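S.K.: Given only the sequences and the hints, what does the whole structure look like? Please build it.
Note that the protein sequences, when read in sequence, are chains A and B. Each residue of the first sequence is one higher than the last, beginning at 1 in our numbering. Each residue of the second sequence is one higher than the last, beginning at 1 in our numbering.
Calculated directly from the structure, the hints in this document are not laboratory data. Do not take every clue at face value.
Copies of the same chain are indistinguishable here, so a pair counts whether it falls within one copy or spans any two.
[Unchecked claim] No more than 35 angstroms apart at the CA atoms, straight line, and that leaves these computed lysine-lysine pairs for DSBU-like: (1) Lys271 x Lys71; (2) Lys254 x Lys71; (3) Lys71 x Lys250; (4) Lys225 x Lys267; (5) Lys20 x Lys254; (6) Lys226 x Lys267; (7) Lys20 x Lys250; (8) Lys71 x Lys155; (9) Lys71 x Lys13; (10) Lys71 x Lys225; (11) Lys352 x Lys226; (12) Lys13 x Lys185.
Model, not experiment: these values are computed from the prediction.
Number of protein chains: 2
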Amino acid sequence: MREVAIIGVGMIKWGELWEKSLRDLAVEAALNCLDDATVDRVDAITVGAMSSGLFNAQEHLASVVSDYLGKRFTPAIRVESACASGGLAVKTAYMEVASGLSEYALAIGVEKMTDVDGGEATFALATAADQDYEAFHGITFPGLYAMMANAHMHKYGTTLEQLSQVAVKNHYNGSMNPHAQFPMKVTLEQVMTSTMVADPIRLLHCSPITDGAAAVLLTTEEEAKKLNKPYAVITGIGHATDTIALCQRKDILKLAVVEESAQRALKMAGKTIRDIDFAEVHDCFTIAEIMVMEALGMVEPGQGGPATMNGLTALDGDFPINPSGGLKSKGHPVGATGVAQIVEAVSQLRGKAGQRQIKNARTALTQNMGGSGASSIVHILEARQ
Amino acid sequence: MREVAIIGVGMIKWGELWEKSLRDLAVEAALNCLDDATVDRVDAITVGAMSSGLFNAQEHLASVVSDYLGKRFTPAIRVESACASGGLAVKTAYMEVASGLSEYALAIGVEKMTDVDGGEATFALATAADQDYEAFHGITFPGLYAMMANAHMHKYGTTLEQLSQVAVKNHYNGSMNPHAQFPMKVTLEQVMTSTMVADPIRLLHCSPITDGAAAVLLTTEEEAKKLNKPYAVITGIGHATDTIALCQRKDILKLAVVEESAQRALKMAGKTIRDIDFAEVHDCFTIAEIMVMEALGMVEPGQGGPATMNGLTALDGDFPINPSGGLKSKGHPVGATGVAQIVEAVSQLRGKAGQRQIKNARTALTQNMGGSGASSIVHILEARQ
Numbered sequence: 001m002r003e004v005a006i007i008g009v010g011m012i013k014w015g016e017l018w019e020k021s022l023r024d025l026a027v028e029a030a031l032n033c034l035d036d037a038t039v040d041r042v043d044a045i046t047v048g049a050m051s052s053g054l055f056n057a058q059e060h061l062a063s064v065v066s067d068y069l070g071k072r073f074t075p076a077i078r079v080e081s082a083c084a085s086g087g088l089a090v091k092t093a094y095m096e097v098a099s100g101l102s103e104y105a106l107a108i109g110v111e112k113m114t115d116v117d118g119g120e121a122t123f124a125l126a127t128a129a130d131q132d133y134e135a136f137h138g139i140t141f142p143g144l145y146a147m148m149a150n151a152h153m154h155k156y157g158t159t160l161e162q163l164s165q166v167a168v169k170n171h172y173n174g175s176m177n178p179h180a181q182f183p184m185k186v187t188l189e190q191v192m193t194s195t196m197v198a199d200p201i202r203l204l205h206c207s208p209i210t211d212g213a214a215a216v217l218l219t220t221e222e223e224a225k226k227l228n229k230p231y232a233v234i235t236g237i238g239h240a241t242d243t244i245a246l247c248q249r250k251d252i253l254k255l256a257v258v259e260e261s262a263q264r265a266l267k268m269a270g271k272t273i274r275d276i277d278f279a280e281v282h283d284c285f286t287i288a289e290i291m292v293m294e295a296l297g298m299v300e301p302g303q304g305g306p307a308t309m310n311g312l313t314a315l316d317g318d319f320p321i322n323p324s325g326g327l328k329s330k331g332h333p334v335g336a337t338g339v340a341q342i343v344e345a346v347s348q349l350r351g352k353a354g355q356r357q358i359k360n361a362r363t364a365l366t367q368n369m370g371g372s373g374a375s376s377i378v379h380i381l382e383a384r385q
Numbered sequence: 001m002r003e004v005a006i007i008g009v010g011m012i013k014w015g016e017l018w019e020k021s022l023r024d025l026a027v028e029a030a031l032n033c034l035d036d037a038t039v040d041r042v043d044a045i046t047v048g049a050m051s052s053g054l055f056n057a058q059e060h061l062a063s064v065v066s067d068y069l070g071k072r073f074t075p076a077i078r079v080e081s082a083c084a085s086g087g088l089a090v091k092t093a094y095m096e097v098a099s100g101l102s103e104y105a106l107a108i109g110v111e112k113m114t115d116v117d118g119g120e121a122t123f124a125l126a127t128a129a130d131q132d133y134e135a136f137h138g139i140t141f142p143g144l145y146a147m148m149a150n151a152h153m154h155k156y157g158t159t160l161e162q163l164s165q166v167a168v169k170n171h172y173n174g175s176m177n178p179h180a181q182f183p184m185k186v187t188l189e190q191v192m193t194s195t196m197v198a199d200p201i202r203l204l205h206c207s208p209i210t211d212g213a214a215a216v217l218l219t220t221e222e223e224a225k226k227l228n229k230p231y232a233v234i235t236g237i238g239h240a241t242d243t244i245a246l247c248q249r250k251d252i253l254k255l256a257v258v259e260e261s262a263q264r265a266l267k268m269a270g271k272t273i274r275d276i277d278f279a280e281v282h283d284c285f286t287i288a289e290i291m292v293m294e295a296l297g298m299v300e301p302g303q304g305g306p307a308t309m310n311g312l313t314a315l316d317g318d319f320p321i322n323p324s325g326g327l328k329s330k331g332h333p334v335g336a337t338g339v340a341q342i343v344e345a346v347s348q349l350r351g352k353a354g355q356r357q358i359k360n361a362r363t364a365l366t367q368n369m370g371g372s373g374a375s376s377i378v379h380i381l382e383a384r385q
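M.R.: Rendered as structure tokens:
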């Protein structure tokens, strides 16, 4: 298998972007990425988007993007795995290069969620759950994660304060990220007293509805070396699925899909979790970050909350998590999230993360999740040069 | 790059399948495929579906399918490129194997289109066009292809009879296909006098709305040899995109995306169109089959109609097209179509196509198109053993 490197990353400022269309978002992030790479060759495009059909009445999105990027005739494919669509766009671009079909593959993640109203957005997001056995009966994602949070509190004694500290930490990190949708710091009290959404989950425990895009350019390591500047290599990819419905898991407190995908990625990279310097993980709700920490093997089951309170995952902690601000502060345009995680990881590995730079960051892990844990993709990235 | 073989194919009877759900269709085709392959190992699943969001309010479809197929933890990804989604599911499975990430990859195509009414289906299909500059203004696919048909008739003298003969031929072939939705023969007069849809396109010039699924199992050629039975190898893949909007093409009578994707696939396979024994192509409307013949280089521009009348593309002609009955007779569950084309090609190459078997079929071409020609994927398949 050919070694695959990431030689360029592109972001845009995320938010409620009324003045930009779906295609504008994708193209702007892609152009920023190509500028960053100082390369204009693109042999294949992958586009991660969860539901441009329900949000924007636009399927066939990869052809729209290649067209408006000025890359007529370029092979382009959209990939989807709910909120893990972005991570899978990167995996698919990796396969383009690793298989030898392409030398340069551009992975773009995009979602424009504010073209519909809040109720329609909630409906669209609920299609990531089991339509026949979950969504049809009225459950939505805050409800699914609230059940996990309640069970976690009951079994392990996880507290509202611990759930809230995840938000405090991630907003602190996001306050230093110029692309974040909500780059303001929040206090524990603000989080703990914010509007109730689905008990015990409050507004500031949730990631927001966001318009956004992100892009990364992949090529062979051989080509990357020619550019004579720092780059990252993808040394591990782990991808797994689990039951689509939460109720069909043996243990709803164990994100088995995260454990499985992380173990596969670490094995491929020849690493253990102790070799990882920092991670970007899928904090769609703050309870998710706590459960992902446990599934990754960073802490014992039930210890995610206390470890967060103790500062383990802070920017200056022993294992920083979500230096970008995470989904919580940076925003969560669902299809873009997995690509943006890679953008942050590469920025840190290249020492280009500005005020939120982690010292001596050489090895990163990204974890992108679909639904209530029905899919997960983990990438291991390592700095080169 | 590792050589990739197809060792199993699975179909189900297509039609208006009220008694089956979206997931039932995919799982049934997949199980038929695994039975055919006499292999149960699946390292990765790809699912081609155009719009399970708009048709069934179910995104995250690959996780649904891996779950209900009993393949928990298997990496699964949905891919989409409108009506070319199925072909891209096969390409993505190919990349899983060729890259070395997987040894066995299962590609499934599926669409359940009759869960919504006709107007909603037309709306969903129109999202394959440019939403901002085409669909929003009311154009739908019969209209887009009617414009191409009218221009073709005007420039080349293509006749209504020629457009209709494509349907007569494909229904004749489909009458021998036990999986076809409309396996009845039709006469030229029936086609030419059927209900007007969008002048000059009449009802029997259109592919139908269909529920269906298809599946193929890919592995390395090395593994395929161990099974000691006929299989096919994928020797060429060509994938391209063009402008999403029809109005932005320099020449709407030339399917440049088909020409480009076919040339790429033939080049990779080291073949010319003269080396191909038969083809399955994207006859979403009968004018499309005529234009695809021209774009493939089988005939000169404008000669697709006369060549069809002369029997070139009949089952016993020099270059049979759509022995399966094509989208026209077999049906067109959009995401399933590209996979079903490969199923037919492999069946023919293995000499297992029953009454519609083409003699001495050794090399096949499949061509799967998205929208009005904004994406196309061509596979070249060759018989082995």
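S.K.: Which holds for Lys71 with Lys225 at a C-alpha limit of 35 angstroms: within a copy, between copies, both or neither?
M.R.: Cα proximity of Lys71 and Lys225: one copy only (25 angstroms, versus 40 angstroms across).
S.K.: Given identical chains, is Lys13 near Lys185, meaning Cα to Cα at most 35 angstroms, within a copy, between copies, both, or neither?
M.R.: within (18 angstroms within a copy, 58 angstroms between copies)
S.K.: When Cα atoms must be at most 35 angstroms apart, do Lys20 and Lys254 count as within-copy, between-copy, both, or neither?
M.R.: between (39 angstroms within a copy, 33 angstroms between copies)
S.K.: Checking Lys20 and Lys250: alpha-carbon separation at most 35 angstroms within a copy, between copies, both or neither?
M.R.: Cα proximity of Lys20 and Lys250: across copies only (27 angstroms, versus 44 angstroms in one copy).
S.K.: With identical chains treated as interchangeable, where does the CA-CA distance between Lys71 and Lys155 reach 35 angstroms or less: within a copy, between copies, both, or neither?
M.R.: between (53 angstroms within a copy, 29 angstroms between copies)
S.K.: Tell me, please, which holds for Lys271 and Lys71 at an alpha-carbon limit of 35 angstroms: within, between, both or neither?
M.R.: For Lys271 and Lys71, only the inter-copy Cα distance (27 angstroms) is at most 35 angstroms; the intra-copy one is 38 angstroms.
S.K.: Between Lys71 and Lys250, at a C-alpha cutoff of 35 angstroms, which is it: within one copy, between copies, both, or neither?
M.R.: between (47 angstroms within a copy, 15 angstroms between copies)
S.K.: Taking 35 angstroms as the upper bound on the Cα-Cα distance, should Lys225 and Lys267 be classified as within, between, both, or neither?
M.R.: both (25 angstroms within a copy, 29 angstroms between copies)
S.K.: Please work out whether the CA atoms of Lys226 and Lys267 approach to 35 angstroms or closer within one copy, between two copies, in both situations, or in neither?
M.R.: Answer is both; intra-copy 29 angstroms and inter-copy 28 angstroms each pass.
S.K.: Within, between, both or neither: how does the pair Lys254, Lys71 come out at a Cα-Cα threshold of 35 angstroms?
M.R.: For Lys254 and Lys71, the Cα distance is within 35 angstroms only across copies (19 angstroms; inside one copy 43 angstroms).
S.K.: Given a CA cutoff of 35 angstroms, do Lys71 and Lys13 count as a within-copy pair, a between-copy pair, both, or neither?
M.R.: For Lys71 and Lys13, the Cα distance is within 35 angstroms only inside one copy (24 angstroms; across copies 39 angstroms).
S.K.: Can you tell me if Lys352 and Lys226 fall within 35 angstroms by alpha carbon in one copy, between copies, both or neither?
M.R.: within (20 angstroms within a copy, 51 angstroms between copies)
Every hint from the earlier list agrees with this structure, and none is contradicted.
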